[in-house]
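Q: Since the structure of chain A is provided, determine the placement of chain B on it from the hints.
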Amino acid sequence: MYAVHPAAVSTELAQFLDLGGYAWKPVATTADVTAGAPPEGWAGAIIRLGGGDPNSESAGGGSGTDAAWAVARALREHAAATLSVLVLVRGNALDELTMRDELFDDFCLDPFHPRELEARLAHLAATSNGGSTEIITYGPLRINFDTYEAVVDERPLDLTYMEYELLRFLASQPGRVFTREALLNQVWGYEYYGGARTVDVHVRRLRAKLGEENADLIQTVRSVGYRLGTYRWR
Amino acid sequence: MTIPSPTIPERERPQDYVLRRVTERRVRLVRLWFTDVAGQLKSFAISPAELEAAFEQGMVFDGSSIEGFSRIAEADMVALPDPETFELMPARNGNGSDDVSARMFCDITAADGTPFDGDPRGVLRRVMDRARAAGYTFYVAPEMEYFLFEPDRVDGRPVPLDAGSYFDLTTADIASDIRHRTLNALETMGIPVEYSFHEDAPSQHEIDLRYADALTMADSVMTFRLLVREIAFEHGVHATFMPKPLAGVQGSGMHTHMSLFADGRNAFSDFGSADGLSDVARGFVAGLLSHAREITAVTNQLVNSYKRLIAGYEAPVAISWARSNRAALIRVPPTRNEGEEATRVEYRAPDPACNPYLAFAVILAAGLKGIEEGYELPPETPPSITGYSDHGGPAYGHHLPASLDEALDEMEGSALVAETLGQHLFRWFLRNKRREWSSYQAQVTQFELDNYFAAV
Numbered sequence: 001m002y003a004v005h006p007a008a009v010s011t012e013l014a015q016f017l018d019l020g021g022y023a024w025k026p027v028a029t030t031a032d033v034t035a036g037a038p039p040e041g042w043a044g045a046i047i048r049l050g051g052g053d054p055n056s057e058s059a060g061g062g063s064g065t066d067a068a069w070a071v072a073r074a075l076r077e078h079a080a081a082t083l084s085v086l087v088l089v090r091g092n093a094l095d096e097l098t099m100r101d102e103l104f105d106d107f108c109l110d111p112f113h114p115r116e117l118e119a120r121l122a123h124l125a126a127t128s129n130g131g132s133t134e135i136i137t138y139g140p141l142r143i144n145f146d147t148y149e150a151v152v153d154e155r156p157l158d159l160t161y162m163e164y165e166l167l168r169f170l171a172s173q174p175g176r177v178f179t180r181e182a183l184l185n186q187v188w189g190y191e192y193y194g195g196a197r198t199v200d201v202h203v204r205r206l207r208a209k210l211g212e213e214n215a216d217l218i219q220t221v222r223s224v225g226y227r228l229g230t231y232r233w234r
Numbered sequence: 235m236t237i238p239s240p241t242i243p244e245r246e247r248p249q250d251y252v253l254r255r256v257t258e259r260r261v262r263l264v265r266l267w268f269t270d271v272a273g274q275l276k277s278f279a280i281s282p283a284e285l286e287a288a289f290e291q292g293m294v295f296d297g298s299s300i301e302g303f304s305r306i307a308e309a310d311m312v313a314l315p316d317p318e319t320f321e322l323m324p325a326r327n328g329n330g331s332d333d334v335s336a337r338m339f340c341d342i343t344a345a346d347g348t349p350f351d352g353d354p355r356g357v358l359r360r361v362m363d364r365a366r367a368a369g370y371t372f373y374v375a376p377e378m379e380y381f382l383f384e385p386d387r388v389d390g391r392p393v394p395l396d397a398g399s400y401f402d403l404t405t406a407d408i409a410s411d412i413r414h415r416t417l418n419a420l421e422t423m424g425i426p427v428e429y430s431f432h433e434d435a436p437s438q439h440e441i442d443l444r445y446a447d448a449l450t451m452a453d454s455v456m457t458f459r460l461l462v463r464e465i466a467f468e469h470g471v472h473a474t475f476m477p478k479p480l481a482g483v484q485g486s487g488m489h490t491h492m493s494l495f496a497d498g499r500n501a502f503s504d505f506g507s508a509d510g511l512s513d514v515a516r517g518f519v520a521g522l523l524s525h526a527r528e529i530t531a532v533t534n535q536l537v538n539s540y541k542r543l544i545a546g547y548e549a550p551v552a553i554s555w556a557r558s559n560r561a562a563l564i565r566v567p568p569t570r571n572e573g574e575e576a577t578r579v580e581y582r583a584p585d586p587a588c589n590p591y592l593a594f595a596v597i598l599a600a601g602l603k604g605i606e607e608g609y610e611l612p613p614e615t616p617p618s619i620t621g622y623s624d625h626g627g628p629a630y631g632h633h634l635p636a637s638l639d640e641a642l643d644e645m646e647g648s649a650l651v652a653e654t655l656g657q658h659l660f661r662w663f664l665r666n667k668r669r670e671w672s673s674y675q676a677q678v679t680q681f682e683l684d685n686y687f688a689a690v
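Those sequence lines, one after another, are chains A and B. Going by this note's numbering, the first sequence opens with residue 1, and the numbers climb by one from there. Going by this note's numbering, the second sequence opens with residue 235, and the numbers climb by one from there.
Check before you lean on any hint, since a few could be wrong.
Claimed, not checked - FRET-style restraints, in silico, Cβ to Cβ:
| # | chain 1 | residue 1 | chain 2 | residue 2 | range |
| --- | --- | --- | --- | --- | --- |
| 1 | A | 69 | B | 414 | 42 to 52 angstroms |
| 2 | B | 414 | A | 116 | 48 to 58 angstroms |
| 3 | B | 544 | A | 137 | 52 to 62 angstroms |
| 4 | A | 109 | B | 284 | 47 to 57 angstroms |
In case anyone wonders, no lab produced these hints; they're calculated from the structure. A virtual CB, placed ideally from N, CA and C, is assigned to each residue, including glycine.
Just chain A, same shape as in the assembly (with noise of 0.2 angstroms):
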């Protein structure tokens, strides 16, 4: 079921949903994305910046788009992970898009020619992999939690079980200090005999194989414990 932003859908975008065979649903305002998400969860959000009629006058730029973008982060607070958004948006009206990287997947010119967006959304459906990848990205680092790769510059890390369960406790709240007895209860388990140094082994391990320039994507707080990155992006 995708999420169709404004709620006033305009003729040639409806009749291109229902002749491609999409499930949607029309979103109006940042309540609905929740209220009116489907039980299995929105399967992506298409956002038309500036209105429903692309051929007239007002639409694109200026004030007419607050509440597509509000619409838009509200998608990400509610699914980021799983949830593709691509946003329709006039040619002259692309610095809409500066700044806001993050709110968005990707972006088609409107008027849409229907083989593009077409195309557009079966790629995005392809890369979010039905919506079960899980990707955490954090600079130059990249955890795939499917295949549990990660990889920093785009270079593999080749990890042992316990660094990766590391890092990947680390990257699920970038930003977070947690201390050494936390991720040892956390990533390591109650049970576990090591003690709180066995995370400054792991720690120092981790770091070894990020390499020179990327050991500070782990960052010692002093006498707290470890964060991954320097702040949270949220």
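A: Leaving out everything else, chain B in the frame of chain A:
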């Protein structure tokens, strides 16, 4: 584009993680590693298709061909890979991904699944378990020394790199290239190093490994020795961990820094005491001093090891401890500025030709004994005292064994070493090493020819 906070899926078992990595990285060969009693790395390779069975049932191999494993009744042994030690081997010369291989260390059991008492890794595991029962985890950080030589000996003698003109490149270039490659290989295999290097003798190198629990570190030492030798070999150079390859210059040691941690805190540290050492540390050091003579055959297991342990070459001779005397057998480095985590003691006897599993096991057992029995720590050696003779009264009246023969005598009488190694391994070690000593005694050496042939 960043996608925040996906839900973390359920965790798989370590062996499933390894199986997936093998597929993802297209690993062609999985090497199963273990160590014989003499400290030699043993390896056999299996295909990825056999891996799942190896995790479930282990791989059966003929133990009778392995030094120290032979027992009449049961030649069949089982190697059980430890999935937490799965690492990809660095590509040779960095070329291509055709021969991707990985290694795992194995624990050895008998065919019926009981742990094999001749497995050095099992010996260390057992002592670590005993320490754990008392609340301690044993952390070690060895300083690995070795020499690089020209590939061929001249008149039977090794030729240090610096002395030869074999290479087109200068020896400094080669040595620094080898060092760079070695460091890279170590770090990509998850063996962090401390970046402090120096050469005390011609062509001698030192790489200090960053602390880890003793079992992990023993695995790392085995990996280290292999990588150093292989990378040197690729450069047409011979690397050796022989304790004293050249007369007249320093030998190669494996000074080992160590500490016990309990409840995440350094049990050796007590900044409230005058010297920063806790009672646990005092007991440990006292135990190590008391049993030093008994464990030396294990920490220094070659005839050649005792050519290093002589006065005048910065190797320990007298059984002593000190904070500011670098010649002492046990040194307590000043760490007050580094914080309590850094408090440690350095045991300077071991050499890099030892079996690291057995060496760490007997060292830990000696230290634990001192803690359990509340041994009294003798006074430390004053800063000014160096060298071999009996200085400063009864506390310094002992020396490390002067030969393998003497060390084996001490070991044979040691209940501590017998209990730590287990009867099977203890007896095999003594028998094997006695044989080594006898064949050495049957030699007529160059020294004898030079000094006696003409003179008498």
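Q: Quick check on a hinted range of 52 to 62 angstroms for residue 544 (chain B) and residue 137 (chain A), using CB atoms only.
A: Distance hint for residue 544 (chain B), residue 137 (chain A) holds at roughly 59 angstroms.
Q: Do residue 414 (chain B) and residue 116 (chain A) keep their Cβ atoms within the hinted range of 48 to 58 angstroms?
A: This hint holds: roughly 51 angstroms between Cβ atoms.
Q: Can the suggested window of 42 to 52 angstroms be confirmed for the beta-carbon pair residue 69 (chain A) and residue 414 (chain B)?
A: holds, 50 angstroms
Q: Does the Cβ pair residue 109 (chain A), residue 284 (chain B) satisfy 47 to 57 angstroms?
A: holds, 54 angstroms
Of the hints listed earlier, there is not a single one the structure fails to meet.
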